[in-house]
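K.L.:
Using the sequences provided together with the hints, build the complete structure.
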Amino acid sequence: MSGVHISTTVNGDSVEFVCHPSESLLDVLRNRIGLIGAKEGCSTGDCGACSITLDGRLVCSCLVLGAEVEGRDITTVEGMADGEKLHPLQINFLKHAALQCGICTPGFLVAAKALLDRNPSPTEEQIRFALAGNLCRCTGYDKIVRAVQATAKEIAKTTKKKR
Amino acid sequence: MRYAAPLTTKEAVSLLANAKGKAFVLAGGTDLLVRMRGDYIEPDLLVDIKRITATQDIKKSANGFRIGASVPCAALNENAGLVKAWPGVVEAANLIGSDQIQSRCTMVGNLCNASPAADTIPAMVAAQASAVIVGPAGRRTLAVEKVVIGPGKTSLKKGELIEAITLPKRPAKSGDAYLRFIPRTEMDIAVCSAGVNLTLDAQGVVKAARVALGAVAPTVVLVPDAAKAIVGTKLDSAALERLAKACEAACAPIDDKRGTVEFRTEVAGVLARRAAKIAYERAGGK
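Residue numbers (this note's numbering), protein chains in the order written: chain A, 1 to 163; chain B, 1001 to 1286.
It is worth saying that the hints were derived from the structure and are not from the lab.
For glycine and all other residues, C-beta sits at the position ideal for the given N, C-alpha and C.
A hint or two may mislead.
[As the list claims (entries may be wrong)] Ranges of calculated distance between the beta carbons of each label pair, as one might list FRET restraints: (1) A:E84 - B:K1158: 54 to 60 Å; (2) B:D1039 - A:D82: 39 to 45 Å; (3) A:R72 - B:I1254: 37 to 43 Å; (4) B:K1059 - A:D55: 18 to 24 Å; (5) A:C42 - B:I1041: 15 to 21 Å; (6) B:A1252 - A:G71: 23 to 29 Å; (7) B:P1183 - A:G140: 16 to 22 Å.
P.N.:
Structure (structure tokens):
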């Protein structure tokens, strides 16, 4: 194989790797960088289990090539917690039992964070639309939506306090 | 397989023109990479056009808008000027896939994938959009309706790529709209669809119209008879009825589990009627 050498940023850290030209970013993250938070569900961009952000935009890492990310800025679910301190979304997913088997959870967390970063107080409909690219076969979605709503409420409270 | 990310269109064209074996252009990859994973295609070369400056942004000029080939559909909605001028084109582009897909998919990719059910194509055809094509022989501009020649087939020649889509300058009192039918609320492929683009005179009479239908023929169809049916009217019910009938007459759809011939034909007329009403309102008609 003729490898492609890539330098990029993942969760704020500089990362270098060599990958096959047809290798997905998901495979690179999991098999070469050791970040196994993003999961492989469908490999065709339907299930969202591999969701990450690329230059601030939410994408399915299965539909990105590792070769494409030279000089880009990537964040994964591993970048959400601040050391041992979980992100409010992660805490609320636990509190509201918004996961059962857990394979979709990293994707939902990353997608929900992308939504709240863009729109800190979404309506239920906006939440459901924004998470439509993430499939969950366990929870029936309601608990996930409630966890995101609870997080949005907390954000609203803290921004009010700051004012 | 080789991967190349050239910095200029010229370089990309030269890579595509000189490629031995199968070469494909990569922009958002939401169709291409899926086809690769499914072993439907086995490229020898991928030419990633996202590093080419000329493909990267949305520009407004005296002649209208120019949307680069690697601009993701999500970015269209973030451009207030574009949304104001061409709401129908933007709503069509934003109907494609989830947020994850929106971050990557492009209008040019949707065009070159050449699906009869592509959402952006009827809206672009109604908008009289053109493709800026660059190839070994130079640069040419082609009306969007002439790019797709059959399901999955384009008229692009070896070595050619689409650098951008242009939308013409908008006269006053203009509006466009796109509607599709899907059996659920989102994340689906059009069973049939309609794009309508109107310009009104000062009295609110339709002065110019373009009507295009999707998923009712091997390619998206421009329906001049449907436009004729509403030009000179204020979209009274008789005009809308003629519009729907002209659309039905232009349909030659497939028959499958997602929609029968009869269903697609009738709904195409209904959608065109509804899209025309929305476009009329957006153009300032009352």
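K.L.:
Please go over all the hints and tell whether each is borne out by the structure.
P.N.:
Hint-by-hint comparison with the structure:
{"no.": "1", "hint": "A:E84 - B:K1158: 54 to 60 Å", "in the structure": "holds (57 Å)"}
{"no.": "2", "hint": "B:D1039 - A:D82: 39 to 45 Å", "in the structure": "holds (42 Å)"}
{"no.": "3", "hint": "A:R72 - B:I1254: 37 to 43 Å", "in the structure": "holds (40 Å)"}
{"no.": "4", "hint": "B:K1059 - A:D55: 18 to 24 Å", "in the structure": "holds (20 Å)"}
{"no.": "5", "hint": "A:C42 - B:I1041: 15 to 21 Å", "in the structure": "holds (18 Å)"}
{"no.": "6", "hint": "B:A1252 - A:G71: 23 to 29 Å", "in the structure": "violated (48 Å)"}
{"no.": "7", "hint": "B:P1183 - A:G140: 16 to 22 Å", "in the structure": "holds (21 Å)"}
Checked against the numbered hints given earlier, the structure breaks only hint 6 and satisfies all the rest.
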